[in-house]
Amino acid sequence: MATARRSRRTAALVVAAPLVWSCAAESTALLEVETDCEGAECPFDVEPSLGDCQVGVLSPAWQARAIDHLNRIRQNSGLNPVEHDPALDLVTASCALVNAGLDSVSHEPPPTATCMNDAAKQGCLEGNLTRFRLAVSPGSPGAPVSAAGIREALRTPEEFVESWLIDKTTDGNVGHRRWLLDPFMKVTSMGMAYRTSTGADGATILDHVGVLQVLPKSFADPGDETPTILAYPMGDYPLAWVDPSYYVSVSLLVDRDSPARNSAVNFESATVTVTKDGTPAPLATLDGGEPDLRISNEFFGLPNHLQFRLAEPLVAQASYAVVLDGVVIEDATGAPTDAPARYEYTFRLVP
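Going from the sequence shown to my numbering is simple: count from 1 and add 23.
Hints listed in this document are in silico derivations from the structure and should not be mistaken for laboratory results.
Owing to the predicted nature of the structure, the values given are computational and were not obtained by experimental measurement.
Here a beta-carbon is modelled for each residue, glycine too, at the ideal position from N, C-alpha and C.
Just so you know, not all the hints are guaranteed correct.
As the list claims (entries may be wrong) - In silico DSS-like pairs for lysine-lysine, Cα to Cα no more than 25 angstroms straight-line:
#	residue 1	residue 2
1	K144	K240
2	K240	K209
3	K299	K209
4	K191	K299
Claimed, not checked - Restraint ranges, calculated between C-beta atoms of paired labels, are given here:
#	residue 1	residue 2	range
5	P133	K240	34 to 42 angstroms
6	K191	E321	17 to 25 angstroms
7	I252	D108	50 to 58 angstroms
8	S241	P133	27 to 35 angstroms
9	I252	V373	13 to 21 angstroms
10	D266	D361	34 to 42 angstroms
11	T179	D361	43 to 51 angstroms
12	E64	S281	38 to 46 angstroms
13	A110	G301	44 to 52 angstroms
14	D224	T369	46 to 54 angstroms
15	G301	R365	17 to 25 angstroms
16	P250	P336	25 to 33 angstroms
17	T135	Y366	44 to 52 angstroms
Whole structure, please, built from the sequences with the hints as guidance.
Dropping the structure here:
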């Protein structure tokens with residue numbers, strides 16, 4: 024059994040750490056890539072270009088793949104689907120283009136950033152961002168890169184969405200995950216851009232940036248069917264969507280009319296008990312010996328959140344039971360509305 028502690032957080036969205044396949048040093052010169060793609064599987068209808076600040080226009084197929092995969096994840100958690108809003112395409116694509124030109128992704132690119140404009144500023148403030156960096160192929164500096172080679176190396180929409188869901192960041196903040204699992208989320212849009220450059224060893228380096236609109240423009244009605252306990256993972260859950268050694272998390276939907284009023288959940292004195300196939304499964308501990316368990320009431324999706332890690336990695340097909348005891352629901356003055364409550368849920372990772 025472990026007691027929650029409140030984490031120190033900033034109110035800004037947190038950028039996912041780059042997923043790095045190759046860390047070869049880059050030259051500042053960008054490589055030109057020819058584009059000759061046609062058909063439904065093309066990533067872009069219009070290719071992004073930092074050289075002339077042309078935003079990329081995702082193909083309908085790739086836009087649909089991103090949102091369909093997000094909705095598969097949401098459905099697995101009992102959440103309503105979200106829809107594509109074409110009015111958001113420009114802001115997500117603009118943010119992706121600007122970040123493709125930066126050394127590291129940023130929610131607040133400097134005004135001097137290449138291709139920076141108001142649309143990019145909005146998209147970066149309101150979206151989940153991440154970058155995949157990888158070596159495409161060996162070659163001499165400045166060598167041409169084939170369009171087919173770039174297309175094959177680009178990460179898929181599904182990979183971007185899953186990276187935000189797992190959300191394995193350097194500081195353990197899972198704000199991207201919280202936005203994906205927001206029961207009030209209604210519409211979204213995916214934007215992508217990339218650049219190629221030459222590493223010191225002559226390899227071609229591909230930086231592929233994705234941006235997903237997550238801050239709400241309007242709120243969906245969660246409805247009566249959405250569960251009160253919104254846990255990750257919960258029930259039978261795909262193993263591919265989880266890092267077994269990383270944080271699991273839970274939020275509570277206690278008000279279906281107002282997103283903000285869900286901040287009334289207070290995990291401050293709550294205890295967390297986990298069993299695996301009926302046997303106690305202790306939480307991981309930090310250097311000081313306290314459990315690695317964090318809480319937050321900041322507005323990253325639903326404004327109440329508890330996350331923790333187990334001492335041992337999660338095991339596929341094992342049955343886990345989680346008990347949250349001593350959860351307090353507060354009124355507008357911060358006073359408890361009732362006696363501390365108990366919440367229970369189970370999950371099992373399935374291959």
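These are the hints, each one checked on the structure:
1. K144 / K240: Between K144 and K240 the Cα gap is close to 16 angstroms, so the pair holds against 25 angstroms.
2. K240 / K209: 8 angstroms, holds
3. K299 / K209: 35 angstroms, violated
4. K191 / K299: 23 angstroms, holds
5. P133 / K240: 34 to 42 angstroms: 26 angstroms, violated
6. K191 / E321: 17 to 25 angstroms: 20 angstroms, holds
7. I252 / D108: 50 to 58 angstroms: Since I252 and D108 have Cβ atoms about 29 angstroms apart, the given range 50 to 58 angstroms is violated.
8. S241 / P133: 27 to 35 angstroms: Given a distance of about 31 angstroms, which is inside 27 to 35 angstroms, the answer is holds.
9. I252 / V373: 13 to 21 angstroms: 19 angstroms, holds
10. D266 / D361: 34 to 42 angstroms: Because 36 angstroms falls inside the window, the suggested range holds.
11. T179 / D361: 43 to 51 angstroms: At roughly 46 angstroms between Cβ atoms, D361 and T179 fall inside 43 to 51 angstroms, so the hint holds.
12. E64 / S281: 38 to 46 angstroms: 42 angstroms, holds
13. A110 / G301: 44 to 52 angstroms: Since the Cβ atoms of A110 and G301 sit about 51 angstroms apart, the hinted range of 44 to 52 angstroms holds.
14. D224 / T369: 46 to 54 angstroms: 49 angstroms, holds
15. G301 / R365: 17 to 25 angstroms: Roughly 19 angstroms apart at Cβ, these two residues keep to the hinted range, so it holds.
16. P250 / P336: 25 to 33 angstroms: 26 angstroms, holds
17. T135 / Y366: 44 to 52 angstroms: 49 angstroms, holds
Of the hints listed earlier, those the structure fails to meet are numbers 3, 5, 7, in rising order.
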